[in-house]
Structure formats: structure tokens, C-alpha cells
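Peer 1: According to this note's numbering, the sequence shown is numbered sequentially starting from 55.
It should be emphasised that the hints constitute simulated quantities derived from the structure, not laboratory data.
A virtual CB, placed ideally from N, CA and C, is assigned to each residue, including glycine.
Hints are not guaranteed to be accurate.
No more than 20 angstroms apart at the CA atoms, straight line, and that leaves these computed lysine-lysine pairs for PhoX-like [unchecked claim]:
| id | residue 1 | residue 2 |
| --- | --- | --- |
| 1 | Lys125 | Lys168 |
| 2 | Lys220 | Lys100 |
| 3 | Lys100 | Lys168 |
| 4 | Lys729 | Lys854 |
| 5 | Lys729 | Lys685 |
| 6 | Lys1012 | Lys979 |
| 7 | Lys702 | Lys611 |
| 8 | Lys100 | Lys67 |
| 9 | Lys354 | Lys425 |
Have a look at the derived ranges for each label pair, beta carbon to beta carbon [as the list claims (entries may be wrong)]:
| id | residue 1 | residue 2 | range |
| --- | --- | --- | --- |
| 10 | Pro937 | Asn107 | 54 to 64 angstroms |
| 11 | Asp850 | Arg975 | 38 to 48 angstroms |
| 12 | Gln511 | Ser688 | 37 to 47 angstroms |
| 13 | Glu737 | Asp392 | 55 to 65 angstroms |
| 14 | Gly232 | Asp850 | 24 to 34 angstroms |
| 15 | Thr57 | Ser187 | 50 to 60 angstroms |
| 16 | His992 | Met55 | 53 to 63 angstroms |
| 17 | Lys904 | Thr1013 | 30 to 40 angstroms |
| 18 | Gly1009 | Ala860 | 45 to 55 angstroms |
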Amino acid sequence: METLEGNQIHVIKPVLPKLNSLFEYAVSEETGRWLLHPSWHLCVYKRMLESENKILAKEGVTHFLQLYETKVLPFSPELSEFIIGPLMDALSESSLYGRSPGQQIGSGSPLGLKLQRFLAAYVSLLPEELKSSFLLKLIQKMSSRHWCAVPILFLSKALASVPRCKALGLEGLLALRGVLQCTMATHQILLRGAAQCHLLHAAMNLVDVEEVSLSDISAFLTSLRQEESLGRGTALWTELCDWLRVNESCFGRPSTCGSLGLQETCSLNAYVKSLVQEYITSPAWETGENGRMPDWAEAKLVALMVLLAVDVEGRKVQHSERQRTQNVLRLFLEPLLDALAKLGSNAYLPLRKTDRCLQALVTLLRTCSPKGAGARDDEVSPLLQDFVVSATESISSFLLRRLTMNELSSVADLDRCHLYLQVFAELAGLPGKRGERGSPVLRIIAPLRNASIRHLQDTDSGLVPTLGRQVQRAVSMAALAAVCEALDQTPELQLDPPDAGPTEQLLAALPLNQRLQKPQPEEQSSLLEESSSSPGWGRIAAQYIHDQWACLAFLLKKHRALPPTSEGALLDPVLPALQTPARTLQAALAALTVLPTDRVLPVFRCMKLLVPQLLASSESVCIEAFDMAWKIISTLSNTQLVFWSNLKAFVQFVFDTKVLSIAAKTKGQAYFKIKEIMHQMIEMSAVKTGVFNTLITHCCRSWVVPAPEVPQGSLSNAADYSELLLEACVFGTVFRRDQRLIQDIQTFIENLGHDCAANVVIENTKREDHYVRVCAVKFLCLLDDSNVSHKAFMEDLAIKLLEKEALVSSSRTRCYVNSQQHRVQNRVWQILLVLFPRFDQNFLNRIIDKILQAGFINNQASIKYYIEWIIILILHKFPQFLPKFWDCFSCGEEHLKTSICTFLSVLSHLDIITQNLPEKRLALKQALVIALQWGFSHNFSVRLYALVALNKAWGMCKTLRMGELDALASVIESSLSQVESTPGAGNAKRNWQRIQDHFFFAAFHPLQDYCLEALLKTSGSPSTSLPSSRTFPPGQGLIATFLRLGCAS
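All chains, please: the whole structure from these sequences, using the hints.
Peer 2: Structure representation (C-alpha cells):
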């Protein structure tokens, strides 16, 4: 205990083995009982876990977790209390879960694995009657405090590894639900999804099915986010279906009536059928026409259980039977389909019932599509869509009536409007019959937009802006925006000719930024009553302007070829907003000043179409648009829900190919403003991972020429904005330790592949830093060096890379391992090696001196390897540069110091260098003289490198039987034999053996090892000292990544 008071780990570590002896002596060998109460031992562990020294705390946690790997200790209540208390408190520290030194990135946490083994061993040794209380307390501890993402992930994984047992009842299931709902709300999405997968596994392993009902299970399952973990078609979904199938007849009855008032049955099918029936049946107190929208949670529950039950039924037979699946699905959905079929004909259906039916319909259509490889063989999705198509006419009639007949008149009805438009979008996107003339969805498009335009025009005729009229106006504008979006995404729904039809004329004639006035004061009382749960009038008015711009974006995209009209000319009354782009862009800027940041997306899309037309003639307005849009993006950096979509739209309009081309041609203020924004985005990416990825991905897609019909001038933009690619080639920030830990664990989860359902259902956003360099390198690899402009671009980039390397090298006197300077220099030489095959002799004449000069700088080892590699390749391909290489050895020893080792290392690959020389004797003689000269250096390291080069050169001379060198034979042989026969095991002999066995001299082949994988990864490359955090993670090598990443055609 006194020793543990210290903070020096080398003093404390010798004490830890004595703890093992204390445990051995404290347990009787005859009776297996405690001779010394375990609380004494726990005092020692508490002292370590409470230490301010994190290394000591980690040693204490690790030592305790390893107790049960080698011995079996008798049960003690104090041990369980210690695990639930101090141990779990210590395990909440994220830094404990880091990798061990030398461990590969993405290989997992050693402590996490120890925790997994410990918990499985400890619970299996507990008496059966105590397992339930221990696990319940542990889970409740997980939900009783805010845990960081990494600890909760590994605790969940450890919980899932506990051997199967009937330990948890309803209280335990509720505790697991509490972990899902409370603890992980703010965690990183992939870690959160993986933790949910582990908690579901834990529930399937530990829940006593006889103690819980299907209602309890379904309530627990709704706590799992289907977009993050429990996606249909994943391996986790299949395991859950098998678990439900096996335990279907074992679930208990609920102790109290559930929220839906269901009478519990044993059959899963009967439960789901009753669940749907009870959901569709609207209670008597919910029939009020002014009630608020039902909660979506019940619709998600119904959809989840229907899909699970259908798939469980499909798992009961060996081969898939379409008719059986169809019958089961119809059995479950019959109440819902009957209600949907009556929507168009029965005007007296309770409002809550129609809301519930449509919510269930939307949720089913959105969640039925399976994830993963089994999507093609799925039978449920097509059958569900066929059932919905049969009720489409009734649903479409209902939507048309509700949206156009003044039936939506309260603020709460705007939520219903949103629901109706979601249904409309789902029906418009159904495959199959959607494009046929006479389709119900197709038939309501024209009357819906015509009635909506009529409502918008009627409000301008001097009528009093009552609440009902204003709500209908908002509904009409939202309906128009939905119609435009449907027509844009589904061109076969368009019946109008390509020229401007009546609808387009009416839409284009609507005033821009027309505001939705507040209702009259006497009607605001009802507005205030609904404001607690409905959006305020400001949000409604903002949505109204948003929908206007959504319609205008559709028109601009459809009629983008219309010539702009000068400000003084007479306007064509057909499409005035489209023929005066300057005025429209000014209106867009005005809209950005009033719209909230989550409603600016359609304005950005309009700007994308307007700015290219105006940049040459109205540069100041375009610059103002750039500034205002960038201000919105930069203030959105912490708003995850809307940031990425807005950033993508911003990049698409500011860095549009036409915009970049026009700005570069004029070299005006817009050109410098774009470059300024570009550098600000790169700076932002240092604190907001993924920003640079969005920018470089868009630019690479637009700059690479994928097909002959694409204009050949697209690469000129890359030349005019080459700083972007230059920064992308060397991009990568130095992350804090906690950030590196999150990235490491995320890579660990990704490496699990399809075994973790989170990898299947969560879209890989490719926001990791290394994807920036992936895009840059892929772009360079796709360039054609036979094209003059491509070749000139690559040469210009190479010169700029060398200039950047020289600037970075001169910024500090010493390059520290894994510093930002070290990273940049490594990446410069990596890219130069990638570009090397495209260099010809004329270009190398311009840069060879800079490359050789870099060899004189006292760089880190990994940087030297890259410099040596490219020098070897240059001399092999162009032996004409050998005189310049020999000149590098002519400087005095004091000037060169140890940098001469770089050139001596190159000389050790003399066989590769002279391979293309028709006459090798002169080069071999020169190499021998140089190696002998430096073999007598007073510096020990220089002598070692010189002897390695001498050994190689002399071996080649003996092979060629060069008799003219016989006079030097005795000197050379004695030098080599002297170092070989050095007596003893001192440093000289050990270092000589080590340098001979070094990868660069023993195994590395500069030609055979030349590939992207070796250039840009540590494994199998000479840069073995390169820290793994600076390279691409395992399994994400460049070749494989190129195949997966669609960053360029």
C-alpha cells in the first residue's frame, strides 16, 4: 500500500505480481474458501484505480481483469460490489482502451478483450440465483450515468459475450432499454450502432423469455434504431428472426395490459395481427377533427413487428415460397389495406385513423427494403408494393381532397400536410406501374398543382388573411414543391412538353420571396394554443419561402437553356424569373437573410444554376453570393443534421466547373474569392473532419475526363487551382489522443465487415482524413501522360511539391517523428514516387538537383527511404544522371556529416542502378573507390553504410571478373573480413548484423516492390519506422480503396 502511494510506474510494477501471491495464500486449498477476507485485496485495487496516475489506474484495471484467467476464486459479495462500483467507474475512462505499442491500427483494444473474457468468466462462476441481480446492477450502472462512446461499446460487447443464461426479466429488459435511450444519444454514429448490436445480442442471450412478453420485446426492439443497427436483411436481423422463431411459444403474458390494450397470445403471428388491428382501430376519444398528429413511435412498432413476423414465417420453411409469404403478409396487413381502400370514398373516417394508417404505410415502405447482399432475392418488398398499388387510387383521391379542399385549416394540420406529401412522394417513387398513363398518382398531379396555384392566386385578391386561408396557402405551396420534386426525380411522370407549359408559366410568375402574413389578431389565440408542440409562425413562413425556391429550382433546371434578358429589355411574360437571372440572384441573396440555415438548400441549388450565367457580367453580385453562402456554412459547423447537405450544395455551386473556368479566365475578384474560400475550407477541415473530403471529391469528379463527350478543357481548372490538389496530396492533421482513439475504434468496427450490422445499414461517408489523399492519388493515376496538358499539369505539381518540401524542411532545424512536418515531407515523397513513371528525362533535368539536394538534409529515417527510393529509380531509368550522383560524394566529410549515408544506401542497390548500363565496369570502379573512401570515415554509422555498399559493389566486380581491380582486392577483402570477424558481442558486431538484416538492404527491391500499396502503406514497404497513425489503415490500401471509392470516374 505504501508503494502504491508513488507515481513512478517502474517502482509500482514489481508489486503487482505479489498481489497474485496474496490471492493464492488467501484461499484455502482444502475447502476453497477465503482465509483472508477479500476486502483487504480490494483496498489495494481501490488505491490503484483512484490514483491520479492514469498508467497506474490502467495497470490496476488490467491486473484485476486478468485474475480469473488463471485461477478460480470463491464467490464474495464484496467482489461483486467492487466490480459494479470502483471498477466500472475506472472503466469509464476512454484512454484505457487504447492500442498497445506496436499493435496495428484497427486491431481492437487489448483492455476491451480482457474485459470481455473477465465478465464471461465471472458470470459463469456466479451461483445461478445471483446472476440476475449482478447483471441487473451492472446494466443499471451503464444507464445511470453519461458514458463516453468507447467504454459503453466495450462494456456492451462484454455483456454480449456472457454465456447464454436466463438471467434477465422485465426489469433487466427495461434497464437495457434505458442504456439505448439515455446513454448513447450523443455518441458517434458507428460506435453507437455497434453498441446497439451488442446490446441486442446481450438481450437474446440473457433474457428469460418466460418472464417477458412479446409486447415487452417489441417495445425493447423499437429502442434500436433501424437506420443504425437493426436493419432488415442484416445478419443481426436474421439472428433475431431465428431467436423469435425458437422462443415463439415460450414468451410469457404481460403482468399489466400494454399501452395498446392487447390480449396476449402465444403465437407471434396472432400477436402481430392483433397489434395491427388494435393500431388501426381508433379509440373513441381520438375522433376529434382538430387533434394533433399521433406519435410516429407506434407506426414504427407496427412496421417493425410486421416485417419481423413475415421474415420469421419465411424462416420456418427450407425454401422460399412466394405464395406463403404473400398470404402471411396479407393476413397482417388486411386491416391496414381495408382502411386505405376506404380513404377516397369515406369522408367520415376518424382523422386519427387516417393519420395512423398513412404513418404505418410510409414507415413500411421505407423500412421494408433489405440491406446487404440479399436485397435482390427479397420477396417481401415487391409484394408489399403490389398491395399498396392496389390501394393507390383511393389514397391519391384522399390526398387530393385533403390538400386542395380547404380541409387543412389549423397549425397542427401543417404536420398532416407534411405526412400527406411524404405519402405522395412514396407513391410517386413506387416501381412498376408508376409511369403508365392513367396511373392514380399520375392523374392527381395536374389537378393538385392547378388547385394549389389557384389557392395561391386567390389569396392575393384582397381577402382577409385568416388562419384557415393562410394555412391553406402554406399547404398549396408545399404541395407545389412536392410535385416539382416528384417530377424532377421521376421524369416519366411529366406529361407537359419540354417548352414552358401553363403550369410553369404560373409558377414562374409568382413573386419571389413572397411572405406568408400572420393571421388576423382575433385568430391568433388558437395559434398560441397550438404553439407548444407545433412550429411557430416564423418557421411556417420560412418553410413557405423555402417551398417557393424549391419550385424555382425545378424550373431553372428544366429551362436552364433560356437566354438571359438584359435589364433594359422588355421581359417575356412567360418566364420572367428565369430570363432575368441577375434579379433572381438578388432575390436569392434576400432569401438567405431571412431563411433559417436548415431551409437554404433550394436557394443554393438555384444559385448553382444562376451564378455561371452572371459571373462574367455581374461579378460583384456573385462574390456577395459566395460570401453569404460561406458565412452560413461556417456558422453551421456544429449542426450535424443540416451541415453536410448544405456543404455539398455549397461546394457544387461555388466550385462548379463553369464557375471555376470563368473565374480563372478573367482572374478577377471572384477568382481570388474562390481561392480564399478554398483555403478556409481546408483550415476548417482541421477541426471538422470530412470538409476537405467533400471539396476534393467534387473537384476530382469534375476535373477528370471520363468520356469523349465531356469537354476537354475540364483539366484546365485543375491547373488554375492546383493549390487544392497540392494541399490534398499532403493533407492530414495531427489529432489529439482522444480523437485518434475514436478513429482507431471506428476502424476496428469497420474491419468487422458484415459481422457487425452497423457496417451494413450505416452509409460509409468516407470522411476520414486519408480519403482526401485517396482522391488526390486516384486523380493523378487517371491522368494520361500522353496528353500534353495532363503531362504539364503533373510536372507543375511535382515542382510545387518539391518547393513545399524545401519550405517545410527549412522551417525547423530538426524533424521530429510523427510531427506535422514529418507527415508533410513523407507525403510529398510518396506522391513524387507515384508520379515518377510519368517523368521524362527533360523534366528530370529540371528537378534532379532538388531531389539530390534533399538527400543532404538530416531527415527522419522514413523520409530518407523515400528519397533513396526515387533516386534509385531515376538512376535505373536514366543512367545519364550518374555523374550528378557521383558529384554528391565530392563534398567534404564535415559538410556531409551523416547525410552521406543516404547516398551510400543508394549505392548499396548498385545492381539496380547499373542494370540499363551497356558498360558497367566504369560505374563499378567508381562505386568501389567511393565506398572504400567512406569506409575509413571516423563516423561509425558512415563506415557501416559504406561497408554495405562496398560489399555489394565488390560482389558485382567479382561476378564480372574485373582483373584491373586486383590491386584493391586485398584492401577490400580485409575491410569486409575485419568487420565480419569482430570478436565478442559488442555494439560493432551487433550493428553490422542489424544493418545487413535491415529490410532496405536485405529484402527490398526498388523495382519489384514499386506499387501503390507499398508506396502508401507501412507493411511491406521500406518505411517501416513510419507510425501507423500516419498511413492508411489495414484493409484500406489504395488499390482496394480505389475500387470502392467512387471519387472520380
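Peer 1: Please go over all the hints and tell whether each is borne out by the structure.
Peer 2: Results for each hint:
1. Lys125 / Lys168: holds, 15 angstroms
2. Lys220 / Lys100: Cα-Cα ~32 angstroms, so violated.
3. Lys100 / Lys168: Within the cut-off at roughly 19 angstroms; holds.
4. Lys729 / Lys854: holds, 17 angstroms
5. Lys729 / Lys685: The given pair, whose Cα atoms are some 15 angstroms apart, holds under the 20 angstroms limit.
6. Lys1012 / Lys979: It holds: about 12 angstroms lies between the C-alpha atoms, which stays within 20 angstroms.
7. Lys702 / Lys611: holds, 18 angstroms
8. Lys100 / Lys67: holds, 16 angstroms
9. Lys354 / Lys425: holds, 18 angstroms
10. Pro937 / Asn107: 54 to 64 angstroms: Once the Cβ atoms are compared, 60 angstroms apart, the range 54 to 64 angstroms for asparagine 107 and proline 937 holds.
11. Asp850 / Arg975: 38 to 48 angstroms: holds, 40 angstroms
12. Gln511 / Ser688: 37 to 47 angstroms: At roughly 40 angstroms between Cβ atoms, serine 688 and glutamine 511 fall inside 37 to 47 angstroms, so the hint holds.
13. Glu737 / Asp392: 55 to 65 angstroms: About 59 angstroms separates the Cβ atoms of glutamate 737 and aspartate 392, which means 55 to 65 angstroms holds.
14. Gly232 / Asp850: 24 to 34 angstroms: violated, 60 angstroms
15. Thr57 / Ser187: 50 to 60 angstroms: Check failed, 36 angstroms falls outside 50 to 60 angstroms.
16. His992 / Met55: 53 to 63 angstroms: Cβ of histidine 992 to Cβ of methionine 55: about 55 angstroms, so the range 53 to 63 angstroms holds.
17. Lys904 / Thr1013: 30 to 40 angstroms: holds, 35 angstroms
18. Gly1009 / Ala860: 45 to 55 angstroms: About 36 angstroms separates the Cβ atoms of glycine 1009 and alanine 860, which means 45 to 55 angstroms is violated.
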